[in-house]
Amino acid sequence: MENTHAPPPRPLYKQNSWSPDTLRDETWQRRKSSCSARRRNRSKSVSEDDLEELKACIELGFGFDSPVIDPKLSDTLPALEFYHAVNTQCSKSVLTEVGDAEMVKMRLRQWAQLVACVVRQSSSSI
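Residue numbers (the UniProt record's numbering): 1 to 126.
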């Protein structure tokens, strides 16, 4: 007697081969997008490290006297726009952002450091 209630045969599935390249590509894409997001955010705020970097460039003798800021240079040195605003007497517009007391203190400290950079650069060019 034949068994008529046997389960149907299981379907065959193609086995996708695992490749470490796939994982590496996915990781690269995540890092790339997070890096570009950080770069966009970085251009909007100036950190202490950015100020130190600009200060070091000025101490090495680089001059930033041009009335027009090169976008590539300001991407490289995010504090350069802030420095340019202080140097061209537009500092009022830089400091008009309202925030908590700690943010205001930080911005004033950065402004003071940039004023010191401007004074140092102008005295060294005399």
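These are calculated hints, taken from the structure and not from any lab test.
It cannot be assumed that every hint is accurate.
[Unchecked claim] Subject to a maximum C-alpha distance of 27 angstroms in a straight line, what follows is the list of computed DSS-like cross-link-like pairs (lysine-lysine):
| no. | residue 1 | residue 2 |
| --- | --- | --- |
| 1 | K32 | K105 |
| 2 | K32 | K72 |
| 3 | K55 | K72 |
[Unchecked claim] Simulated restraints on C-beta separations:
| no. | residue 1 | residue 2 | range |
| --- | --- | --- | --- |
| 4 | T4 | R30 | 18 to 26 angstroms |
| 5 | Q29 | A116 | 16 to 24 angstroms |
| 6 | T27 | S47 | 24 to 32 angstroms |
All figures in this text were calculated on a predicted structure; none of them were measured in a lab.
We put the CB at the ideal spot given by N, CA and C, even for glycine.
Right, here's what the structure says about each hint:
As the CA atoms of K32 and K105 are separated by approximately 33 angstroms, the hinted pair breaks the 27 angstroms bound. Using a Cα cut-off of 27 angstroms, the hinted pair K32 and K72 holds, with the two alpha carbons roughly 19 angstroms apart. Using a Cα cut-off of 27 angstroms, the hinted pair K55 and K72 holds, with the two alpha carbons roughly 18 angstroms apart. For the pair T4 and R30, the supplied restraint of 18 to 26 angstroms is violated, since their beta-carbon distance comes to about 54 angstroms.
The supplied range of 16 to 24 angstroms is broken by Q29 and A116, whose beta-carbon atoms lie about 42 angstroms from each other. The hinted range of 24 to 32 angstroms is satisfied by T27 and S47, whose Cβ atoms lie roughly 27 angstroms apart.
Violation of the numbered hints given earlier is confined to hints 1, 4, 5; the remaining hints are satisfied by the structure.
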